[in-house]
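Q: Please take these sequences and the hints and turn them into a complete structure.
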Amino acid sequence: MSYENIELKDEDAIARITLNRPEKLNSFTAAMHAELADALIKTETRGARVLVLTGSGRGFCAGQDLSEREMSAGSGPIDLGATIEKHYAPLVRRLRALPMPVVVGVNGVAAGAGANLALAGDIVIAKQSASFIQPFCRLGLLPDTGGTYALPRLVGHARAMGLSMLGDKLSAEQAAQWGLIWQCVPDDQFDARLDELARHFARAPTKGLAYTKRALNHSLANTLDQQLDLERDLMRELGASVDYAEGVSAFLGKRQPEFKGK
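Here numbering that gives the first Met the number 0 is used: position 63 in the sequence shown is 62, and no number is missing along the way.
Since the hints were derived computationally from the structure, they do not count as laboratory data. Each residue gets a CB set at the ideal place from its N, CA and C atoms; glycine is no exception. A few of these clues could be false.
[Claimed, not checked] DSSO-like, lysine-lysine: derived pairs with alpha carbons at most 27 Å apart: (1) K259 with K8; (2) K41 with K23; (3) K212 with K261; (4) K41 with K253; (5) K212 with K259.
[Said to hold, decoys possible] Just the calculated beta-carbon pair ranges, DEER-fashion: (6) A191 with Q226: 31 to 39 Å; (7) R57 with Q226: 35 to 43 Å; (8) K253 with L219: 37 to 45 Å.
A: Put into structure tokens, the structure is as follows:
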């Protein structure tokens with residue numbers, strides 16, 4: 000598949016996906032969803048060890064392109080549930096399950112589905128000038144793309160309610176202070192920090208990180224006993240991994256490990 004709405008680059012075990020509709024603040028269309036789904040499949044099958052997701056231009060993603068909805072309205076109401084089922088839910092599930100770290104670089108405004116797409120990443124950094132907005136309440140809707148799941152877990156019930164029911168703009172600095180994202184970065188240091196994270200994870204023990212991601216995601220619904228059992232099972236598998244053997248060997252030999260992601 001050729002891409003018109005995103006860019007995909009592979010280099011040194013790093014997959015970089017850039018949302019590329021800058022004139023529309025990288026808002027989603029059906030075509031962009033299809034391209035992104037294809038790019039994520041390629042990312043998983045080509046041997047990448049980290050995914051970096053960001054946007055082009057002055058915005059990260061402004062959510063759904065409402066002009067596309069208007070054009071497709073036709074004679075009856077639009078089935079928004081079908082859009083969730085076909086596009087947004089599979090996208091969030093795929094990012095959460097991707098067996099590698101997903102680093103999201105929020106380079107500008109992240110609004111609606113765009114904000115919640117960012118929160119589906121594992122490590123989220125943002126430019127100091129960036130912002131997060133949940134504007135659904137202004138349209139008579141609710142935060143989708145996993146927003147109602149992620150927000151209360153990341154910032155707590157009260158703040159999730161405020162963000163969702165008021166639709167106020169949240170600065171990147173405040174988002175970091177609240178724990179919504181990992182880090183707020185000065186604009187002139189953003190690209191370097193994003194590249195630093197990408198190269199760090201490209202050399203890291205990817206299998207262990209993928210299992211860490213899996214365990215933390217499951218912990219949100221598990222009891223303590225279930226989580227302890229899951230830790231046991233995953234550690235049993237990791238104990239037989241190439242990376243664990245290399246990590247122990249490097250530690251004992253007082254040298255830097257050379258992980259393979261296996």
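Q: Evaluate each hint against the coordinates.
A: Going down the list of hints, with the structure as the test:
As the CA atoms of K259 and K8 are separated by approximately 20 Å, the hinted pair is consistent with the 27 Å bound. Distance check on the hinted pair: K41 and K23 sit about 25 Å apart at the alpha-carbon level, within 27 Å; holds. Taking the CA atoms of K212 and K261, the gap is about 15 Å. The hint holds against a cut of 27 Å. For the proposed pair K41 and K253, the alpha carbon gap of about 37 Å is over 27 Å, so the pair is violated.
About 18 Å separates the Cα atoms of K212 and K259, which keeps this hinted pair within 27 Å; it holds. Range check, A191 to Q226: about 37 Å between beta-carbon atoms, so the 31 to 39 Å window is met. Checked against the hint of 35 to 43 Å, the pair R57 and Q226 passes, with Cβ atoms roughly 42 Å apart. Separation of K253 from L219 is about 38 Å and conforms to the stated range, judged on CB atoms against 37 to 45 Å.
The earlier numbered hint that this structure contradicts is number 4, and it is the only one.
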